[in-house]
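K.L.:
Residues per chain are reported as follows:
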Amino acid sequence: MIEYDPVIYSRILTALTLGFHVIFATIGVGIPLMIAIAEWMGIRRNDPHYTLMARRWARGFVITVAIGVVTGTAIGLQLTLLWPSFMQAAGHTIGLPMFMETFAFFFEAIFLGIYLYTWDRFKSKWKHFLLVIPIVIGATASAFFITSVNSFMNVPQGFNIVDGVLTDVSPLAAMFNPATPTKIAHVIITCYLTSAFILGAIAAYHIIKGNAHVYHKKALHLTMVSAFVFAIGTALIGDLSGKYLHEYQPEKLAAAEWHFETEAEAPLILGGILTEDNEVKYALEIPYALSILAGGSPDTVVVGLNDFDEEYLPPLWVHYAFDLMVFIGIYLAAVSAIFVFINWTKKWNAFTKPLLWAVVAGGPLSMIAIEAGWFFTEVGRQPWILNGVMTVSEGATTSQHVDILLYVFVVLYAILGVTCVVVLRRMFKTNPVERELEKRGISHTGSRIAK
Amino acid sequence: MDYEIIGITVLWTFLYGYLIVASIDFGAGFFSYYTKITKKNHITHNIIQRYLSPVWEVTNVFLVFFFIGIVGFFPSTAYYYGTALLIPGSVAIILIAIRGSYYAFATYGAKDSNFYSFLYGATGLLIPASLSTVLTISEGGYVSVEDGKVQLLYGELFTSLYSWGVVILAIVSVLFISASFLTYYASRAKDLDALELLRKYALVWAFPAIIMGVVVFFLLGNQNPEHYQNMLDIWWVFAVSFINFAIATYLIWKRKNYGTAFILVMLQYFTAFYGYGISHFPYLLYPYLTIYDGFTNETMAIALIIAFIAGLLLLIPSLYLLMRLFLFDADYVKGKK
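If you read the protein sequences in the order shown, they are chains A and B.
If you want the numbering used here, it's the 1-based position in the first sequence plus 4.
If you want the numbering used here, it's the 1-based position in the second sequence plus 1.
Read the hints as simulated data drawn from the structure, not as lab findings.
As the structure is a computational prediction, the values presented were derived from the model and not from experiment.
Among these hints, one or two may not hold up.
Distance ranges between label pairs, derived from CB positions [said to hold, decoys possible]:
hint: 1; chain 1: B; residue 1: Phe159; chain 2: A; residue 2: Val425; range: 37 to 45 angstroms
hint: 2; chain 1: B; residue 1: Lys41; chain 2: A; residue 2: Ile236; range: 53 to 61 angstroms
hint: 3; chain 1: A; residue 1: Gly275; chain 2: B; residue 2: Ile317; range: 36 to 44 angstroms
Straight-line alpha carbon distances no greater than 30 angstroms define the calculated DSS-like cross-link-like pairs of lysine-lysine that follow [said to hold, decoys possible]:
hint: 4; chain 1: B; residue 1: Lys37; chain 2: A; residue 2: Lys433
hint: 5; chain 1: A; residue 1: Lys433; chain 2: A; residue 2: Lys213
hint: 6; chain 1: B; residue 1: Lys191; chain 2: A; residue 2: Lys127
Cβ coordinates follow ideal geometry from the N, Cα and C atoms, glycine included.
Construct all of the structure, not just a fragment, from the sequences and the given hints.
P.N.:
Here is the structure:
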């Protein structure tokens with residue numbers, strides 16, 4: 005047994021809650037956009053298949069929203085309960101974006117309720133479509149605001165500390181710090197990418213199981229085209245994130261890359277393992293790539309780990325999380341590109357089993373990449389809770405009993421996760437597409453682009 | 002006006018908003034379960050579902066708004082309340098998590114399950130009990146601060162008449178507010194069976210609610226004499242509250258003007274809640290923290306107030322749309338849409 009230490013337990017409990025929440029938060033940000041695209045396609049092409057797609061996605065989405073909302077409430081309260089000193093400092097500096105995030109959430113909540121219950125209420129289909137726009141805006145805006153809070157933790161600015169007292173606070177400078185643009189862009193686009201892949205994986209799975217209905221083919225095509233666009237965006241923003249890290253958090257970049265010596269023409273290290281005396285083994289080295297990633301040219305000097313105070317270095321295993329994220333990102337881009345290309349040439353059939361399985365695997369993999377990415381960025385900031393200002397142990401609660409709470413929350417999330425899967429499966433199994441199409445009087449061939 | 006006053010007024014208003022919408026929601030969950038086990042579910046099911054389904058998520062936001070807002074306006078509360086409330090706060094989180102997700106599972110999922118509605122109904126009564134701890138400890142006497150270390154005194158909390166009084170008051174108020182709203186909603190829907198049943202619930206819970214209100218008022222005299230004295234100084238506010246209650250109950254009893262009756266119930270709690278809040282002034286946590294020493298810096302205060310006004314400009318039309326579509330649309334309420 006580890007000795008009771010509120011700091012350790014608070015860290016684990018926060019990681020657990022956020023790790024669980026991020027699954028539903030990612031879906032919560034991305035899926036509204038996919039629903040909007042599907043409904044828009046349905047109206048534009050006058051194709052009821054897409055409209056039904058939007059409807060079915062929305063129905064499943066509500067279940068995940070519920071868990072997203074309750075775990076979001078949980079982390080909101082837990083921040084105060086587990087990190088009282090941090091929240092005291094944060095309240096002074098980034099109370100604004102936290103406050104605005106709840107506005108965005110409020111806005112989304114109102115329109116989600118309306119959207120779900122007005123499918124057949126308006127004469128004009130566009131009117132109902134308009135209702136999904138505030139949901140997309142609200143979902144993306146909450147990601148925007150809450151990520152700016154996290155950016156602040158990476159590059160705290162917009163205040164001075166004079167004798168331990170905060171002065172000259174500028175809420176906007178705190179919100180729009182150097183980490184904000186890349187972080188927000190990266191978070192939002194990967195939420196879109198992940199959601200597209202998860203919905204694509206469901207469609208691909210149905211086709212593999214022998215369900216050749218044109219509905220699933222349309223769903224797969226729509227999601228893969230979207231995923232391809234988002235994957236390109238992710239790659240571009242990923243490059244900018246590298247340049248940001250180089251400039252503002254070089255120790256995080258160096259830890260991610262196991263880059264020990266400060267040098268120009270630094271190579272990028274992919275994979276590999278680190279021995280106890282800090283030797284990199286079995287890794288793939290790409291010459292100059294790290295310098296190019298960091299500064300855009302091979303002669304950029306990248307600061308190495310040896311130049312930092314060892315006390316303030318993050319653990320070096322973040323390299324694995326970083327690589328996992330990058331590898332999966334490349335995989336997702338490749339799979340969606342191949343699918344879109346084959347479908348576009350019309351010479352080959354894109355609906356072959358190996359490619360479909362690759363899409364199915366992309367669903368859970370994309371979520372693993374999200375988790376890996378967050379673990380990299382959060383652990384890569386250790387030992388700071390506010391980079392360079394407050395360490396994690398200074399921010400934690402002094403309360404007893406955090407250990408018991410950890411166990412209770414493990415059980416809670418396990419139960420919620422399992423029930424969520426069971427309910428979603430049951431929901432779609434008892435009401436398959438074919439039956440719903442029939443019930444709504446939509447013919448199987450009633451579409452222009454049937455393949 | 003001081004920024005501190007604006008800040009606490011904004012927060013208090015949101016807490017009041019939460020008190021009303023959450024009470025309706027929590028009570029509805031309980032009635033929904035209760036009618037199920039007493040085999041009267043068919044009477045109330047439609048009314049409750051038609052109201053709750055589009056708004057359950059909105060209810061939750063009021064709470065989030067309050068606790069994020071208080072950290073924004075009064076960052077020091079994070080330190081005191083955050084440390085002291087680790088256990089009660091976590092209990093509330095767990096209950097809210099169970100309630101929210103199982104509501105969605107039961108309503109949007111495929112299966113109507115007794116177990117789900119039990120979880121939904123039971124947590125609806127336990128959440129107000131666990132959340133009311135915050136108000137209880139704000140009176141002082143339940144928290145010790147030594148060498149800057151904040152601790153909640155569980156022994157004091159669990160053996161105190163006042164803290165139990167608040168818990169019971171919270172629960173009976175939830176049931177009363179909820180039943181009087183649902184009575185009104187059923188009358189809008191012209192659902193006479195549901196109206197009869199819910200009206201009966203409203204009358205049944207009216208008296209425990211008012212009696213507990215009076216009891217807690219006097220129990221506070223022991224717990225925090227200073228606060229009690231402040232309350233006596235503005236006794237007329239509580240008298241107004243009582244009159245609102247009396248007229249509301251009379252109207253429900255006489256089967257007329259259910260809409261007015263519900264507004265009076267809202268006013269009853271509005272006056273009592275603000276009277277309580279104003280007499281608590283200026284303490285956030287007696288005697289350690291006042292609104293002045295816990296307040297954020299001026300720049301942040303202005304930024305928050307601007308954000309708040311901008312946010313309201315966005316929210317009020319949206320909320321109006323929500324209510325027009327689901328609360329005041331006669332055809333929807335009657336189940337025709």
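K.L.:
A separate judgement is required for each hint: does it hold in the structure or not?
P.N.:
Here's how the hints hold up against the structure:
For the pair phenylalanine 159 of chain B and valine 425 of chain A, the supplied restraint of 37 to 45 angstroms holds, since their beta-carbon distance comes to about 38 angstroms. For lysine 41 of chain B paired with isoleucine 236 of chain A, a C-beta distance near 58 angstroms keeps the hint of 53 to 61 angstroms intact. For glycine 275 of chain A paired with isoleucine 317 of chain B, a C-beta distance near 55 angstroms fails the hint of 36 to 44 angstroms. Simply put, lysine 37 of chain B and lysine 433 of chain A have alpha-carbon atoms about 27 angstroms apart, close enough for the 30 angstroms limit, and the pair holds.
Of the pairs offered as hints, the one joining lysine 433 of chain A and lysine 213 of chain A holds, with about 13 angstroms between alpha carbons and a cut-off of 30 angstroms not exceeded. Taken as a hint, the lysine 191 of chain B and lysine 127 of chain A pair is honoured in the structure, with Cα atoms around 26 angstroms apart against an allowance of 30 angstroms.
In this structure, the one hint that does not hold is number 3.
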